[in-house]
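K.L.:
Each protein sequence line maps, in turn, to chains A, B, C and D.
11 is the number of the first residue of the first sequence in the numbering used here; add one for each residue after it.
11 is the number of the first residue of the second sequence in the numbering used here; add one for each residue after it.
11 is the number of the first residue of the third sequence in the numbering used here; add one for each residue after it.
11 is the number of the first residue of the fourth sequence in the numbering used here; add one for each residue after it.
Keep in mind the hints are simulated off the structure, nothing from the lab.
Not one of these hints is a red herring.
A pair counts as met if it fits within one copy or between any two copies, since identical chains are not told apart.
Think about it this way: if two alpha-carbon atoms lie no more than 27 Å apart in a straight line, the pair counts; the simulated DSSO-like pairs of lysine-lysine are:
| hint | residue 1 | residue 2 |
| --- | --- | --- |
| 1 | K361 | K333 |
| 2 | K390 | K361 |
| 3 | K367 | K333 |
| 4 | K395 | K454 |
| 5 | K113 | K191 |
There are 4 protein chains.
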Amino acid sequence: MIQKELHDECGVFGILDTEGRRDDAARLTYLGLFALQHRGQDSAGIAINTNGTLFCHKDNGLVVEAFNDMTINMLRGSAAIGHVRYPTQGGLGIECAQPMLIKYRGGQLALAHNGSLTNAFEMRARLEENGAIFQTGSDSEAMLALLARNRILTERMEDAIFMMMAEIQGAYSLVLMTRNKIIGVRDPLGIRPLCLGRLGSSYILASETCAIESIGGEIIRDIDPGEVVTITAAGVSSEFLTRDPDARKKSALCLFEFVYIARPDSTIDGASVYEARYEAGRTLAREQPCDADMVIGAPDSGIVASMGYAFESGIPYGSGLLKNRYVGRTFIQPTQMQRELAVTMKFSALKKSIGGKRLIMVDDSIVRGTTTRHIISMLKEAGAKEVHMRIASPPVLYSCFYGVDTPSQDELSACNMTLDEIREMIGADSLGYISLEGLTSSVKGLSCGLCCTCFDGAYPGGMPSSMVGKIRRIEFNSGRSVADSTR
Amino acid sequence: MIQKELHDECGVFGILDTEGRRDDAARLTYLGLFALQHRGQDSAGIAINTNGTLFCHKDNGLVVEAFNDMTINMLRGSAAIGHVRYPTQGGLGIECAQPMLIKYRGGQLALAHNGSLTNAFEMRARLEENGAIFQTGSDSEAMLALLARNRILTERMEDAIFMMMAEIQGAYSLVLMTRNKIIGVRDPLGIRPLCLGRLGSSYILASETCAIESIGGEIIRDIDPGEVVTITAAGVSSEFLTRDPDARKKSALCLFEFVYIARPDSTIDGASVYEARYEAGRTLAREQPCDADMVIGAPDSGIVASMGYAFESGIPYGSGLLKNRYVGRTFIQPTQMQRELAVTMKFSALKKSIGGKRLIMVDDSIVRGTTTRHIISMLKEAGAKEVHMRIASPPVLYSCFYGVDTPSQDELSACNMTLDEIREMIGADSLGYISLEGLTSSVKGLSCGLCCTCFDGAYPGGMPSSMVGKIRRIEFNSGRSVADSTR
Amino acid sequence: MIQKELHDECGVFGILDTEGRRDDAARLTYLGLFALQHRGQDSAGIAINTNGTLFCHKDNGLVVEAFNDMTINMLRGSAAIGHVRYPTQGGLGIECAQPMLIKYRGGQLALAHNGSLTNAFEMRARLEENGAIFQTGSDSEAMLALLARNRILTERMEDAIFMMMAEIQGAYSLVLMTRNKIIGVRDPLGIRPLCLGRLGSSYILASETCAIESIGGEIIRDIDPGEVVTITAAGVSSEFLTRDPDARKKSALCLFEFVYIARPDSTIDGASVYEARYEAGRTLAREQPCDADMVIGAPDSGIVASMGYAFESGIPYGSGLLKNRYVGRTFIQPTQMQRELAVTMKFSALKKSIGGKRLIMVDDSIVRGTTTRHIISMLKEAGAKEVHMRIASPPVLYSCFYGVDTPSQDELSACNMTLDEIREMIGADSLGYISLEGLTSSVKGLSCGLCCTCFDGAYPGGMPSSMVGKIRRIEFNSGRSVADSTR
Amino acid sequence: MIQKELHDECGVFGILDTEGRRDDAARLTYLGLFALQHRGQDSAGIAINTNGTLFCHKDNGLVVEAFNDMTINMLRGSAAIGHVRYPTQGGLGIECAQPMLIKYRGGQLALAHNGSLTNAFEMRARLEENGAIFQTGSDSEAMLALLARNRILTERMEDAIFMMMAEIQGAYSLVLMTRNKIIGVRDPLGIRPLCLGRLGSSYILASETCAIESIGGEIIRDIDPGEVVTITAAGVSSEFLTRDPDARKKSALCLFEFVYIARPDSTIDGASVYEARYEAGRTLAREQPCDADMVIGAPDSGIVASMGYAFESGIPYGSGLLKNRYVGRTFIQPTQMQRELAVTMKFSALKKSIGGKRLIMVDDSIVRGTTTRHIISMLKEAGAKEVHMRIASPPVLYSCFYGVDTPSQDELSACNMTLDEIREMIGADSLGYISLEGLTSSVKGLSCGLCCTCFDGAYPGGMPSSMVGKIRRIEFNSGRSVADSTR
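Here chain A stands alone, though its shape is the one from the complex (with noise of 0.2 Å):
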């Protein structure tokens, strides 16, 4: 989508030099959630082994400004997990940034979370009965709790993280730490990423293959849904609490991911994201065809996808749009005048590009539809004749409850208005989406199942029981056919 209507989410990372020598872990920790900062840009962390005692700095803001060299000079150690975070739960205060460490029982434990809990809150009633306190809202605080009441009960960590899956529900990528190493978690569906790779003698857990590749290391492969996978100076060891055989096939990978979310020279679960983009493109471009001078992109997340469209479409690819680079979270708050101004300061059309010509712009997804409508009048202004919308994803029509911080339907514009509506408030020519069976066959090569729920309402994981009876049921009015739509 064009702009930030849907908010990024989580990274995690973790890192364990099997033969204990290095002490640059947290400044590998540093490099690879810079690779993932992409998925969220509100706080940073790094918690650090040093010699058995674990210690945790964090941040506000992206990783460049939570860590200096100083901090990361001061952060040794041969293991680390990180954390970048885009807040979908808790409050926002720096309490809530993640890792979060403590001591129990068994000593110390860090955890770096990504996804979202279902049932969170029985589950921290559940505690609060037995006594538990809570300084955060965070899903990570409960989790830990989970986990120190579990550690009565069994001495394997891994044990107490079984006990732990078995109560919670919804979506959980975990990189965990305690004082001789790191443990990598999948929830049984696999809603979100999570992989395995390897530099030298160190293993790396990440959200994305990008952050491995990007500090020089090599995928080995992505962690399974259920998987619990322990990294140690013996090295990599895995366990599921039951091995389906057909756990790959029940599991729900988040769909978004390939659509917006992961950056796309990333693979998750087999499938290429930039492929996946691409592809969808060309599937789109079969679906909705369209008379056209020249494919454009919103700018930057419908740039893959639009290339695509060209090609399959024939028709040339050009650029239409310019972003500011510069555009970042601190710009000043505008005044009602230049709050119009606003898309206006961030984009900018290129008429020599565009001028007199019929475009094709191709987006990632349309959620609230307002950027979209300033900038194809922007595009009009600049002198394109006409300003076909196609979108490389199926109209958004439910709320995510695991991790992607979707708004609520009263605010999603597939929720409430037709095909034909859409198109005339965003003052499109034309719009077209993708099909869900376009979009999911455009995935290639993915080794397992997808959570289509922000398209489909399956909800496989579950929902908050506070939510129950809340959703509707939407059926996307999409009208007239396109091609039918008069003007």
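Could you slot chains B, C and D onto chain A? The hints should help.
P.N.:
Relative to chain A, chains B, C and D alone:
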């Protein structure tokens, strides 16, 4: 003592407007903490009750550094508690700053603590055995975990507090805040001070009376040892677990509050701090007389006692040392050469005042004695003919486990040297300490007993199990009497 | 070129409301500077005219870092000038940031400068001989001193400017502000761009048209070489020292503005920057054809030209490299090991897109070539079968003294290597540059002459006396033709 | 006076190692400025000579805020000058901070200035007529412009300085630094202090002797009025424009240095500041006797004089007021209600000390009197039976144009009220000032004349032309004698 060789303790503050009309509880707490700043300069925090929901802001540094107009204005509400910290327990990170705010079975709870528990380790271990997790090493978090656990068994917060008091040992003056009340708690020995005041329709709890008076309030009374005071919209109520008529007699208020910690304009349990110091100076003059031309005080802690000494002895009081009022925490690291200048940077001798004179310098205490040595040398270089050192407290022989940051016995000069060796080390022409009886009799009007552990090793509140057997019994070797000492 | 091997220049902006009613000139300048941010990231500043008195705020960093809501709101007035700086002259301190504001015989005067003078040293020496003092090493301070001196002889600021123009040499586009006007000045060769626009009752001066359009203004025209434009409440007036009918023909607009510096959506002296780059790509395809499977652009500077190359050659355009959008100035210092990862942190190759393919990579220029080498190696590791490098500008052979931060000839690869040696150094399978004729003919619609010094060493604006005799004449050794090169 | 109603002035420092071996001149300057911090808290700066090139670092705030270890370590060299500022002239921006460093005909030149010129406006106008530009409104920049102009006519810096001295009027103690020397200059009236010291092979210039002693140096002598002292590798040399044998007699050292500005441990022109204040207290006791129980000093400025008063009167000296040592510049803005608490936050009365007593409170001066009023009211509320105010300087009747920030006559209480009206306004039971003769005779050992302008309106250094005719001649109306005043 000269310079901060013993560190200050913490200070607590709380206020609740019974009519619920004023919304500036945070601002008043800010002002109250400012008056308690001498009790802790490492961090400051305020928790506010905004229409039944508690929020907390805390940061490292002085009160004026941790808060600015914007943060104070954002904290709107009719009840608040606050804390200034010198960290006697737990780490140094911002995560240890207080008040600590949690959510638990009973809702939200905020706590600010002055003191130090002696059985925190055992308590934490027991809680950990039952599954508790700890994010900090602070006593406060342990007490909150106890309170949360106790609330499983009882509905009243006050009862949960009494249950906790039955389990914990050591020194604690607490201010707590819930959705609709603030509560003050003082340990059964009353080791740390806590008092009650009023400002219009608001009731106030504070470590020292100076905080109440600085915001224009009036003092009501001291909280009794073992008392739990609850302030709600209905006013003030008070409870004791067991109402022991001899409680005050058995109590053990820290004598060091009168020697060094508290502000001279405060009154604790009936005794004026100023008067105690002035009288100690007078007693010292009688116990350790000396023929000299002028009495000076070691800045700033010896000033009041030196005036008492001068008054009693009839020797004129004068000014001999100047302290640079810009000395703070951010001074650059001196090189070896400049380290020797450190005392010169902080103090300077007034030659015209002391040249050719025989001086008596009065200080509140000697801990290690190194700064005293530098200052005496500075006085002599500036022309003082003789420097006679008089100390307004007995030799410090025992470490404190109740919240005063005394060094270990290895570092206490009086544990390892005779009177004459100390005199020689500091370069004084004579040295004399007040007797313990002399000091305690100087605390006029006191309505309770005293803890004199640092002088007599009585440890009325017990000691941490890890320290048992590690504290040497010491008989201070005053060797020959001062008068005899040949030089 | 890939990465910032040539640094950007400065950007200037000015606005005056003829009706004097709006007081948000600083806010509009902020927005205009934001659109010119690509011309300088080291410091930003705004001078405002508040009822006839000038105030100035400037700070290091990006526009969004140097200003916040509070500072912008404090700068109230109906006229303002602004500046973003990449320091081509003078030191790096904040004292060199612009606009520079002085008080002199004629009152207050503020100046913002883009360009670089070639006789500044002589000018400063002459002024110093007459008693001038300089607090910075900047050209701006020297020009202000000249203007102040000239005002002794003349009453009109415009005349003082003409007197200054008779004395200074080199490149300068200036925006000045006095008590009641803003003035735009462009050097007689028009080396740096400057244009005029309007927004309601306000007139605007800016380095590039994109700044005017980004605040919703309309473009009026470019300032002519040698022109002095005055904007007052009475409107716009224009003067020339000598109105040479051939001025535009003799002028020498920097060709590098079209190659790299300016923003693609700007139009300079009649020519669209976007179109110039796109056409250069097309010309390059004709001059340096190549058999391959895909054309990619070096991010971000080679993107537009690569699209032109793809269009002209008929070879599909694709995406091969991803640039991490969080790369900024504050990245931690890499250790030796991680230095090798520097390119990996900034770029990643899209294996799925380029695997097994023969690539043509188009970039705007090669300066040193080191980053190009790393990227080609990255592409090959990612599976590219061949990488053919095509450069949309001729070899850079001469240092610029007019405001572009080209390195010395010793560091320019084309000065020290043959075509084949460069090809081998960067690891390309073939290498081809556009011809100078090819490039200049791609700049369509240009209404003035061009300065091609970095390619042809013509130096129409002279050179600093200290450099005379130190610039080597270079004939680029393209040796064997590219096609012949044996590998 | 109580609180900072009169602001402090500036402090200057310079050091040069004749053997050129030490490279820590900046560090020593830092320490020296720290000792001069009481003379200015608004900004601090150091210029260093690194192998013949001068660099400068300055920032807003206290010395410990403007510099940290890193900045101090970066400033390596064997000569340096420094400055702490309270801005008596010029704006408040960082551009006005000193030292000011320029490049001019003679190379680089750095200047630090304490004082204020009375004909700066005329001087600047004349320079502007000749083409000079000014970036600040400071006297320093004007003096640098004069020096640069003068160097056209003369080769020696010292001669340029003498030429400047012939032109400027007012108060100035300067420290300058060039490529190979540092120079100290004191105006012909010697209004502001300046002294010379030595530390090993280094010579030192400083505003006060305390700065020399604080770095372990020894005092050599005061710089003479009208003297120019040059320090180079060859040692110290001294020059006068005209060697007037009566120069010292005609000189006019600021009397207020002894009253309030200088540090008590400094000696100026032969007179000890401590002794002057102590003796003034004694004289005051004789001139304005009073029957009372205790003498207290207004913190901190009245302390020394109050001891002298107590000694002379035989009335015991005591402590009546406590000043919160954490009062700084960053206190939050009080609301109306809390504004009334402002004095309460800063001071508290010691009830036990003053209850039921008749007090004499001694302060160094009264300017507006508002804080005095609050404090007397506080003392009375705390139980003081009577408060008799005694002032160790005569009534302040005239504004200072020589560097002390006295308010205008409209705001000076003694200009607008009779003695009894002031007494009533501040709420004292009696009020008495020392006589001017009494004060000047208390300055023992002084080797020069005094400027008593603030008391007698003599204006030996002239006044700004803009002020001529605007200064009222005032005869202080002491009305009835103090003793007569009916209450």
